[in-house]
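Asker: These are the residues of each chain, in order.
There are 2 protein chains.
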Amino acid sequence: MTLKPLKIKPFFLRKLIYTGFCISLFPLFTNCEKSIAREEIVSETENLKDLAQYVDPMIGTAKMGHTYPGATVPFGSVQLSPDTDTIPYAVNGSYNPDVYKYCAGYQYDDETIVGFSHTHFSGTGHSDLGDFLIMPTTGDLKLNPGTESDPDSGYRSRFSHENETAEPGYYSVLLEDYNIKAEMTASSRVGMHQYTFPEAGTSHVILDLVAGIYNYDDKNVWTFVRVENDTLITGYRQTNGWARTRKVYFALSFSKPIQNYGRERYDQQPYGGFWRKFNQSENFPEIAGEKIKMYFDFDMKENEKLNIKLAISPVSARGALQNMKDEIPHWNFEQVKNEARQVWNKELNKVIVETEKPEDMVNFYTAMYHAFLGPTEYMDTDGKYRGIDMEIHQADGFTNYTSFSLWDTYRALHPLFNVLQPERNADMVEAMMAHYDQSVHSMLPVWSHYANENWCMIGYHSVSVIADAIVKGNADFDQERALDAMVQTAKTGYYDGLEYYMDMGYVPEDRNGASVSKTLEYAYDDWAIAQAAKKLGKQDIYEEFMKRSENYKNVFDKKSGFMRPKLSDGSFKKEFDALDTHGQGFIEGNAWNYSLYVPHAPAEMIEMMGGKERFSHHLDSLFTMDLPDKYFANTEDISREGIIGNYVHGNEPSHHVAYLYNWTDTPWKSQDKIRMVLKDQYQTGADGLGGNDDFGQMSAWYIFSSLGFYPVAPGSEEYALGSPAVNEASINLTNGNTFKVVAVNQSDNNVFVEKVELNGKILITPFINHSEVMNGGELKFYMTETPNRELY
Amino acid sequence: MTLKPLKIKPFFLRKLIYTGFCISLFPLFTNCEKSIAREEIVSETENLKDLAQYVDPMIGTAKMGHTYPGATVPFGSVQLSPDTDTIPYAVNGSYNPDVYKYCAGYQYDDETIVGFSHTHFSGTGHSDLGDFLIMPTTGDLKLNPGTESDPDSGYRSRFSHENETAEPGYYSVLLEDYNIKAEMTASSRVGMHQYTFPEAGTSHVILDLVAGIYNYDDKNVWTFVRVENDTLITGYRQTNGWARTRKVYFALSFSKPIQNYGRERYDQQPYGGFWRKFNQSENFPEIAGEKIKMYFDFDMKENEKLNIKLAISPVSARGALQNMKDEIPHWNFEQVKNEARQVWNKELNKVIVETEKPEDMVNFYTAMYHAFLGPTEYMDTDGKYRGIDMEIHQADGFTNYTSFSLWDTYRALHPLFNVLQPERNADMVEAMMAHYDQSVHSMLPVWSHYANENWCMIGYHSVSVIADAIVKGNADFDQERALDAMVQTAKTGYYDGLEYYMDMGYVPEDRNGASVSKTLEYAYDDWAIAQAAKKLGKQDIYEEFMKRSENYKNVFDKKSGFMRPKLSDGSFKKEFDALDTHGQGFIEGNAWNYSLYVPHAPAEMIEMMGGKERFSHHLDSLFTMDLPDKYFANTEDISREGIIGNYVHGNEPSHHVAYLYNWTDTPWKSQDKIRMVLKDQYQTGADGLGGNDDFGQMSAWYIFSSLGFYPVAPGSEEYALGSPAVNEASINLTNGNTFKVVAVNQSDNNVFVEKVELNGKILITPFINHSEVMNGGELKFYMTETPNRELY
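Keeping their order, the protein sequence lines are chains A and B.
For the first sequence, our numbering assigns the number 1 to the initial residue and increments by one for each residue that follows.
For the second sequence, our numbering assigns the number 793 to the initial residue and increments by one for each residue that follows.
You can take every hint at face value.
So the derived list for chain B, only partly shown, Cβ under 8 Å to chain A, looks like this:
hint	residue
1	K1011
2	R1018
3	Q1030
4	Y1063
5	D1181
6	I1184
Cut-off 20 Å, straight-line C-alpha distance, at most; resulting in silico cross-link-like pairs (SDA-like, lysine to any residue):
hint	chain 1	residue 1	chain 2	residue 2
7	B	K1069	A	G583
8	B	K1283	B	K1326
9	B	K1283	A	F284
10	A	K291	B	V1013
11	B	K1532	B	G1569
12	A	K384	B	Q1186
Calculated directly from the structure, the hints in this document are not laboratory data.
Backbone N, C-alpha and C fix where the C-beta goes; we use that ideal spot for every residue, glycine too.
Just chain A, same shape as in the assembly:
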């Protein structure tokens, strides 16, 4: 049984009809007519400012930012980005803490690139993805990536930031070990590569189907690949990682014919059977197994470019191929690159700012860029997508999205979308409702990605996103059904202590850990449900959930002045360290920070905590106290840079805290603290972010706060005012209105507000509401160097 298949010959024998439509002349699609969608983009964007020039995708790629520098379009399905290492999630069965650096695949300080994969989360604090890693090489064929300390041991390459460019929709780098220039661009569902090979001869493209982010030795469940003809590869990969049952399909097209190809398997093959008839390692077009790496050889001329298009689909290889055909039916790399930049400019032009310093332009538009990276589109061009029930569904009348990092993003990102991306946000609610419909738990998403619920973090913050949309009137969906889903979700007893919360009014720490965080967040979420019910005239639901929303009171310990874990016998837990993040009844925060988490009732909370004056001083302490070193080791998800005093901005629970002075008699302290945080926590450079960007939540905080207002309690129409960090901003709303923010005399020194006018009328409280923004108009701050203590 030693037959060697004819090299490549089957390609030319083979009919080139792929089920349903012709792909025979795929590489010649260049001559096709442009799609209408693309022409629209071009004409619409002619008068746009090139704000993309201010975006630096490198910001956040060092340390804990967890952003990626690669090519993507706004909310795009594909994030084609370099991975600087692919280290295992676990070593000898134990969690490998080094993996945390690689949540987005790229670490700025690394000196080698392993390859370019097509899916990445932006800024998350746990990870997955990194699908379909591609690496061009020359010389001896290597199928393992090698190590950073010995790059020559594998296919990886050294690189330098000097020869690296990252722009919205475009990334390029020189792979020094091979002298190959690598360039990337993307449409929503298609990543396009361009590799310029230096020398004539046989060159390789590695397709590593084992590589991935937060990979495990056995994260791969199954891989299926077909070499359809001499330029087209299709297949899928199923993984069992953060997402338990994740399947991504792909279609890959090369701009010139493969000369030779092959695969290695790195798994046990339980049954080989009659497959042994074939030499499956070389030029055999049907490949399947658990762990597979492939190579494709090309006969390249000196300085010849090889282009690759790789489309992904949640549904099928056929879907991926159709996505490719629909989105990039040609081989013009520059065109795709230019279109991607134009699409970015269209989104960035939604807010035109003028800043005092050039670096603030960079920070602002990079924040805008990061805010528009997710949730990502999750369906084929025909609207088909995979549901959480693993069935294929049709998105009727909405764009389906995935990757809802809701514990983070409900706070400011989705509220920002209600201003800048109203249509997308309403569609995201539809996507959440589809998740609910398909969930066997009948629950809205907690943290969902790629048709999976990963249950990460706590609360049921979908309800906040939906309530915010309903209350703000951005609710182009079935609101009553949405309210049902919110109520149903909030009554899923077996979910994370909820049974106890419903029975006892709090989660008892001896029954379910992080009990205070859960109690507080459930209480806020319940208030959000009540607000939606009120808007929809459902008085009984409103009352039921308003009552639940007061449960925060049940975990307040008057004696210590902090929220404190309570046991099932009704007593507070004895041992208690209000500075420690671990084992104290909280998650990713300590009692100092988390005790302030009553965003829906700040006035009541302040009263409960001793009144306005005492509370104002308490907040001062938070920002100024000296947190002993020992607590840093335990502060999750943030570097020391993410903390100001004991105020943790690098993680989310305190994101509303700087605004709380507005409910005391010292709102000028909010202005001061907000500017301090803006300056301290958001800087240019790869290490510019104080913590994980958390899929745009950190960036959304920056955008709102720079513009002078912030949604302390999503689910309310109300924004609290702060201190704008821009001189002027025009928010170009999709309803055609423009809301202008003007900050007269704004500077690093003039951080205090002398007075504020809305449409020429002086404001006497530090609040505006959403409809005032959406109606257009002008919010004019007069800035000064010293606090105006009588302002509001």
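Given the structure of chain A, go ahead and fit chain B onto it with the hints provided.
Answerer: Coordinates of chain B only, in the frame set by chain A:
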């Protein structure tokens, strides 16, 4: 994180809308209107004879028959049948020869039953399937099957054949360890169980998702299950066995609510993550992993019946649920059982025979039953199915089939279908064409099942099936496209020595083993292609493949008088044992048997082998010689019972051999030998079959031979005559005609043909053709005790 979910409560909280259509009142569907399809069946079948009474599904369940006794309908997707053991395919990484006994899951001599699974091959010589094993138990919950030697160590139960019934469409057995009466019936896509529990109290139903046929420690790739509500379970299982990437979806409905349920995982869980929030072992509705076993508890009354419907789908859980709704929308077990029997009777009534002895009725109708067990329907009721490209396709205008055991079934089974199942056979060709369209190799199936090519055995015998259909005019498909597919398949150089065969006119044994078998079968297949080309007026293809069809001559060794392996230098292999099955250039046959494999040119072969007289004596030797013991150990797939002299009937390559005397001057010897084989190789009783039934091929041989004619070379219109073993037969053709066979004076002693008349006209050659059968008429044999040497 110790929260215990509320027991079962979520069911009642949960909305009961399953995506797309209502399942809320699923258990109450009894009151729905009967489907039109079912009413048609009932009215059509009123005048049918109850021939099902003669069928004994137990025949072939002992030793090597590899049939199963369970419930199924003709060509049904579900084969709901008891498995008496589920032993591993490999032990310590090596093939476990004991697994071979369990190709169909059941071995008559076993004393315990492990459970009832829903998919089984009939009579195959390798295996897979055994999906979704269900076992009812009482007492302590056990999730492992235990061993036959210590049944109490697991959930299996002792049983006895005295308390066992097997009929077409129905199976029942008493599970002695639990005193549970188990009954099974089925529609095409749904298996229906009925368990009568003896005592009041909590009883269990085990759903073992790890169990399977030809299972491996790691055959399971992934399992996904949802407990949708308190009576409905959905999910899928993916395996990597004989089929490399096989996925089967299911929907399971219980006739009464679950009291309690749970699962155990028997795999490593690489990433648990926030799933640890839940106790996933008990009453948690979302279950996924590699190796999962589930249990469901029910509160049963004394002698209460529990019914289960389990529907399968190649597409989706939604598809499975729709299949259930479409096929069995009620809970009336007796109705399903009766309908299954009626459907069987409809098929069995296609041939009405009268036999001399009652046991021949049993043999004949059991052969009919076995012949109609496969290929099996492979699509949802809406026509959707999974293609070999793993994509979902729509069967437009045909029923899709799977499980093509073509090396076996092209010989007599598909020709039988061209007589008795013309519509199904044309649809099977469409299914083969769909496989071809979806194959990355652009090849027709070799041995395919469940959207996989397993490449088992040799040749490309799809072409024989298609050519036979074209030549016989049963070709309601695009014949020119089919011819293209046949030619394309026959030119796939990298397939199994074909490159050498095309270049050199034979497969050289030093390049590719079993080279003589391959050369001979390719040559026959090529002749079949030529016949189709001729019929379609493609003279160039006809000539090209007629030339290839003569390649059998290239491996004939005049010196030894046998087909013999030739090396790439053109010389015959030196060491050669014409009696040995192994390492001699043949597969599943020795030179004595395989040398006769030129079904398309018997006259030329006979001439080549020394002329008619010498050949006739040579055949005599085959049937009468004494094969030394040492060769038995090596004779694959057959017991000693499967051999007459050195003639191997228990495997396929010789199935035409007894008819070859017709091409000599001694056709009376064919009559004698055929009757000897019919009597010797087909008997009643569980051990009645001489070898694997091979998905109906052995049975098809029995049917044709009993009726007095046989298709020696499918792809020709010609049938060779033998000696009918029935007194009379009416073949009720679907075109409305009746072809009658009458055998005057037929008996065990009167096996020779005195004369034959076709429609009253004496035949002067031992051949009739297909159109003569299909036009209806009468073939009348006059039987006698002594040979008529002047007959033809």
